[in-house]
Amino acid sequence: MSDLLAAWAQMAMSLGFHIIFAVLGIGMPLLMVLSERQWLKTRDPVWLDLTKRWSKGTAILFAVGAVSGTVLSFELGLLWPAFMEYAGAIIGMPFSLEGFAFFTEAIFLGIYLYGWQRLSARAHWWAGVAVAVSGTISGIFVVFANAWMNSPTGFRIVDGKPVDIDPIAAMLNPAAFTQSLHMTLAAFVSTGIAVAGIHAWMLRRDTSSPFHRAALKVALMIAVPASLLQVISGDLSGKFIARWQPVKLAAIERHFETTRGAPLLLGGVPDEAAGVTRHAIAVPKMLSVLAFSDPEAEVRGLNDFPREDWPPLAVVRYAFQIMVGLGGMMAFASLWVIVCWVRKREVALKRPLLTFLALLTPAGFIAVEAGWVVTEVGRQPWIIQGFMRTADAVTPMPGLVIPFTIFTVLYCFLGVIVAWLLWAQIVRVRPA
Amino acid sequence: MDAPVLALVVAGLIMVAVNAYVVLGGADFGAGVWDLLARGPRAAAQREAIAERIGPIWEANHVWLIFVVVLLFSCFPPVVAHLSVVLHIPLTVMLIGIVLRGSAFTFRAYDSTDSAVQRQWGRIFAVSSTITPVLLGMCVGALVSGALAVPTEASFVARFITPWWSAFTLTIGGLGLAVFAFLAAVYLTVEVQDAGLAEDFRAMALSAALAVGLFAALGLWFGRNTLTATTRALLTNPAAIALQLVTGAAAVTAIGALLTRRYRLARTAAVVQVSGIVWGWGLAQFPALVPGVHTIASAAAPTVTLRLVLIGVAGGMVVLVPSLWYLLRIFKAEPARAFERVDTAEHRLPE
Ligand code: HDD
Ligand code: HEM
Ligand code: HEM
Numbered sequence: 001m002s003d004l005l006a007a008w009a010q011m012a013m014s015l016g017f018h019i020i021f022a023v024l025g026i027g028m029p030l031l032m033v034l035s036e037r038q039w040l041k042t043r044d045p046v047w048l049d050l051t052k053r054w055s056k057g058t059a060i061l062f063a064v065g066a067v068s069g070t071v072l073s074f075e076l077g078l079l080w081p082a083f084m085e086y087a088g089a090i091i092g093m094p095f096s097l098e099g100f101a102f103f104t105e106a107i108f109l110g111i112y113l114y115g116w117q118r119l120s121a122r123a124h125w126w127a128g129v130a131v132a133v134s135g136t137i138s139g140i141f142v143v144f145a146n147a148w149m150n151s152p153t154g155f156r157i158v159d160g161k162p163v164d165i166d167p168i169a170a171m172l173n174p175a176a177f178t179q180s181l182h183m184t185l186a187a188f189v190s191t192g193i194a195v196a197g198i199h200a201w202m203l204r205r206d207t208s209s210p211f212h213r214a215a216l217k218v219a220l221m222i223a224v225p226a227s228l229l230q231v232i233s234g235d236l237s238g239k240f241i242a243r244w245q246p247v248k249l250a251a252i253e254r255h256f257e258t259t260r261g262a263p264l265l266l267g268g269v270p271d272e273a274a275g276v277t278r279h280a281i282a283v284p285k286m287l288s289v290l291a292f293s294d295p296e297a298e299v300r301g302l303n304d305f306p307r308e309d310w311p312p313l314a315v316v317r318y319a320f321q322i323m324v325g326l327g328g329m330m331a332f333a334s335l336w337v338i339v340c341w342v343r344k345r346e347v348a349l350k351r352p353l354l355t356f357l358a359l360l361t362p363a364g365f366i367a368v369e370a371g372w373v374v375t376e377v378g379r380q381p382w383i384i385q386g387f388m389r390t391a392d393a394v395t396p397m398p399g400l401v402i403p404f405t406i407f408t409v410l411y412c413f414l415g416v417i418v419a420w421l422l423w424a425q426i427v428r429v430r431p432a
Numbered sequence: 433m434d435a436p437v438l439a440l441v442v443a444g445l446i447m448v449a450v451n452a453y454v455v456l457g458g459a460d461f462g463a464g465v466w467d468l469l470a471r472g473p474r475a476a477a478q479r480e481a482i483a484e485r486i487g488p489i490w491e492a493n494h495v496w497l498i499f500v501v502v503l504l505f506s507c508f509p510p511v512v513a514h515l516s517v518v519l520h521i522p523l524t525v526m527l528i529g530i531v532l533r534g535s536a537f538t539f540r541a542y543d544s545t546d547s548a549v550q551r552q553w554g555r556i557f558a559v560s561s562t563i564t565p566v567l568l569g570m571c572v573g574a575l576v577s578g579a580l581a582v583p584t585e586a587s588f589v590a591r592f593i594t595p596w597w598s599a600f601t602l603t604i605g606g607l608g609l610a611v612f613a614f615l616a617a618v619y620l621t622v623e624v625q626d627a628g629l630a631e632d633f634r635a636m637a638l639s640a641a642l643a644v645g646l647f648a649a650l651g652l653w654f655g656r657n658t659l660t661a662t663t664r665a666l667l668t669n670p671a672a673i674a675l676q677l678v679t680g681a682a683a684v685t686a687i688g689a690l691l692t693r694r695y696r697l698a699r700t701a702a703v704v705q706v707s708g709i710v711w712g713w714g715l716a717q718f719p720a721l722v723p724g725v726h727t728i729a730s731a732a733a734p735t736v737t738l739r740l741v742l743i744g745v746a747g748g749m750v751v752l753v754p755s756l757w758y759l760l761r762i763f764k765a766e767p768a769r770a771f772e773r774v775d776t777a778e779h780r781l782p783e
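If you read the sequences in order, they're chains C and R.
Using our numbering, the final residue of the first sequence is 432, and nothing's skipped along the way.
Using our numbering, the final residue of the second sequence is 783, and nothing's skipped along the way.
Just so you know, the hints here were simulated from the structure itself, not pulled from any lab data.
For clarity, every value in this text was computed on a predicted model and none was experimentally measured.
Heads up, the beta-carbon is just placed ideally off N, CA and C, and yes, glycines get one too.
Please note that a few of the clues may not be correct.
Unchecked claim - Pairwise CB distance ranges, derived in the manner of DEER restraints: (1) 581(R) x 169(C): 31 to 39 Å; (2) 405(C) x 671(R): 44 to 52 Å; (3) 37(C) x 581(R): 52 to 60 Å; (4) 424(C) x 743(R): 42 to 50 Å; (5) 749(R) x 122(C): 31 to 39 Å; (6) 549(R) x 408(C): 44 to 52 Å; (7) 749(R) x 398(C): 40 to 48 Å; (8) 43(C) x 688(R): 38 to 46 Å; (9) 428(C) x 724(R): 53 to 61 Å; (10) 693(R) x 427(C): 32 to 40 Å; (11) 122(C) x 684(R): 44 to 52 Å; (12) 423(C) x 471(R): 34 to 42 Å.
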């Protein structure tokens, strides 16, 4: 394994691991405070039990999220020192602000978890709200930084060095809005669907459990709107990359020749050497509509760009299809739930729906990972789109396969333990 | 403010954050050391007191480190680039320690109460709490000794190992461990209610104080050659002399207060003493950030960035300071009543 390969494998692995905890760290506090609110309103002990279980889960997930995030903040320098040297002054701003958001989150999580008897009921609930809000904000800030790598703004290059730096313009780069919206929704979708899935599974065995009914209800309250909005937000992201990262869009769509009124290709066999896709079903003008809301718009194709600027085409396309496919299924489940609600039917009694939700449990997380692969691999070979190549950013330190192996083993171990703890200490424990 | 002043202010801010990490986060590591060394009839009670102390606050304390990292890479990016190349190995090991420490502590709190399981997590927690400060100290030692000015064409060993692997850096690693353990034991004397436990932690604090003295002396001995410039600066600069005096006086006060069982005084004195050590390090290498490579002025980011980060920090403090105060008021103002982990908590009474 070359050092460059090891470096990005380690980066991708660390981020892929952290993102699961980050997503849950954004979603779980919201579930927790919604459920605690019900407890305060109804004084039905089922809600208290639920709140406490969810906050125990949040405590475990948060700790692993915090330590894996710390690893990331060091890894940016450890693996990509040239990137940090180049970009630090430009995008340090969102990272610094994110630091404050973490701080607030960690403080109020401590208060929330350990302060049950020390605070009034209302103060305790508000501590939970502070956790949920600051967790969401920290996610948004870090995605701002990532968005800058996709659409770098706020500086000029003179003699190979960035000058005229404007950190605010860099932070509010063109991708910042679409990406942070999409990410935040993704956090709510994946947490909501996963929690709904687990409790749907339990309900299939015991339809009467008030505990699982309560949990399912709250989880769906988040998952349903978020997964429907996510489709719209995904469309916005697509329109964004059509304008700012045409190579990425072309890779996603296997679109080789620049055309007006471009068709959307379904399936097909790409011939990279010849620069065409054969045997695909073409939906006329659809790509132009999706990318620019205009059936006659011109969509640039891969052949317009030098080969060395192409990302790995297959990875990007399949990752995109996985994300959109799962997103579609989750949106479908949400519509189904809405139909139940409108008809005043109990979701908990619809066995096929429960089964479907249970099957979707990991769907959101898989979609999140796939989406990041689209974003990150789709940007290759650039680490900063158009300005710095990944190969130029990597550390001179040799033997990077060693830390990669160590962290992979460590994270596998942590992943197994966390899954086991959540199962054995939280899900399996009988409701009081 | 013009550029040099701004850079100085930010560098000072980073030192404040380092100081906060040492006196707050450092004590959490130190407590892990005592978990490892817990002995005698009250060993279980000692461990429980340690867990109670760390539980609600370690994550907040830990953020100071993240804060240091983000401030450094926004405001002095070349420093981060340089340090993360030459200190790649110790920093990586330190990260592994941080990961294991945090997760094992949390897993212990939420895994089954079966004592075998508990001990297993406890041991991982304690061992990683012990290793991490040593590596942190070694990195600081390497930095302050000026060993990090390695040419890029040096051999692998000369570039990636020698700078941080020497008798001097190992001693500073030991000093880091001793300082953290000292802080933890002193804090614990105040925070436990049981007189017997307080006696235990007092004994621990005194032995750690001894270790601090020992490692400091060893550090001066091993550093006598590499540190000549530094030592001279330390001895001639009036600010440095004043700092040394304050640190020394605080050390004497801390030990005296421990001997006479005035624990609150001991705690204040220990914080002053350790802060003195931290700022002593800062002054010793001032104005260099990486001696021989980067100074505050040469490594600083453009003025706009520094100014915006300072504004951001000021704005952030408006949220942070009251929150932190609230946290400490809730958990530190009164001694722990019972270990109120969420699952053991009773239902709150309706108001
Ligand atoms: C629950 C997760 C989830 C779901 C259901 C979707 N996405 Fe997504 N997508 C993500 C989770 C995600 C993500 C992991 O959060 C990404 C990676 C970077 C980002 O900001 O969001 C992402 C990136 C991403 C990008 C790349 C943006 C860029 O590189 O700047 C596009 C074009 C889309 N998405 C489009 C869609 C479409 C059309 C969807 C239709 C249903 C969709 N996504 C559903
Ligand atoms: C290079 C990328 C990243 C870095 C350097 C990074 C850094 C960190 C750090 C240092 C922490 C610990 C903070 C603490 O102690 O509370 C953390 C936690 C967190 N991160 Fe990341 N992070 C990255 C990617 C992401 C992404 C992409 C998200 C997207 C949503 C995210 C969201 C969060 C959240 C919500 C937390 C709070 C802790 C939790 O809930 O588990 N991070 N991150
Ligand atoms: C948390 C979600 C994220 C995931 C799952 C993710 C995934 C990946 C993947 C798969 C790669 C390897 C791409 C390749 O080389 O082919 C990568 C690279 C990288 N990502 Fe991300 N990424 C995430 C967020 C971020 C964020 C928030 C940042 C920084 C602000 C970031 C910075 C980087 C850097 C510096 C690299 C290495 C250089 C490169 O390969 O482009 N990533 N990431």
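Each hint, compared with the structure:
1. Checked against the hint of 31 to 39 Å, the pair residue 581(R) and residue 169(C) passes, with Cβ atoms roughly 36 Å apart.
2. Between residue 405(C) and residue 671(R) the C-beta distance comes to about 47 Å, which sits within the given range of 44 to 52 Å.
3. For residue 37(C) paired with residue 581(R), a C-beta distance near 58 Å keeps the hint of 52 to 60 Å intact.
4. In this structure the supplied range 42 to 50 Å holds for residue 424(C) paired with residue 743(R), their Cβ-Cβ distance being about 48 Å.
5. Evaluation of the 31 to 39 Å hint for residue 749(R) and residue 122(C) yields a failure: the beta carbon distance comes to about 26 Å.
6. Taken as a hint, the range 44 to 52 Å is violated for the pair residue 549(R) and residue 408(C), whose Cβ atoms sit roughly 25 Å apart.
7. Against the hinted window of 40 to 48 Å, the Cβ-Cβ separation of residue 749(R) and residue 398(C) comes to about 42 Å, which satisfies the hint.
8. Judged by the Cβ atoms, the range 38 to 46 Å given for residue 43(C) and residue 688(R) is violated: they are separated by roughly 55 Å.
9. Here the CB-CB span from residue 428(C) to residue 724(R) is close to 58 Å, well matched to the stated 53 to 61 Å.
10. For residue 693(R) paired with residue 427(C), a C-beta distance near 48 Å fails the hint of 32 to 40 Å.
11. Restraint check, residue 122(C) to residue 684(R): a C-beta distance of roughly 48 Å satisfies the suggested window 44 to 52 Å.
12. Between residue 423(C) and residue 471(R) the Cβ separation comes to about 36 Å, which falls inside the hinted range of 34 to 42 Å.
Of the numbered hints stated above, those contradicted by the structure are hints 5, 6, 8, 10, listed in ascending order.
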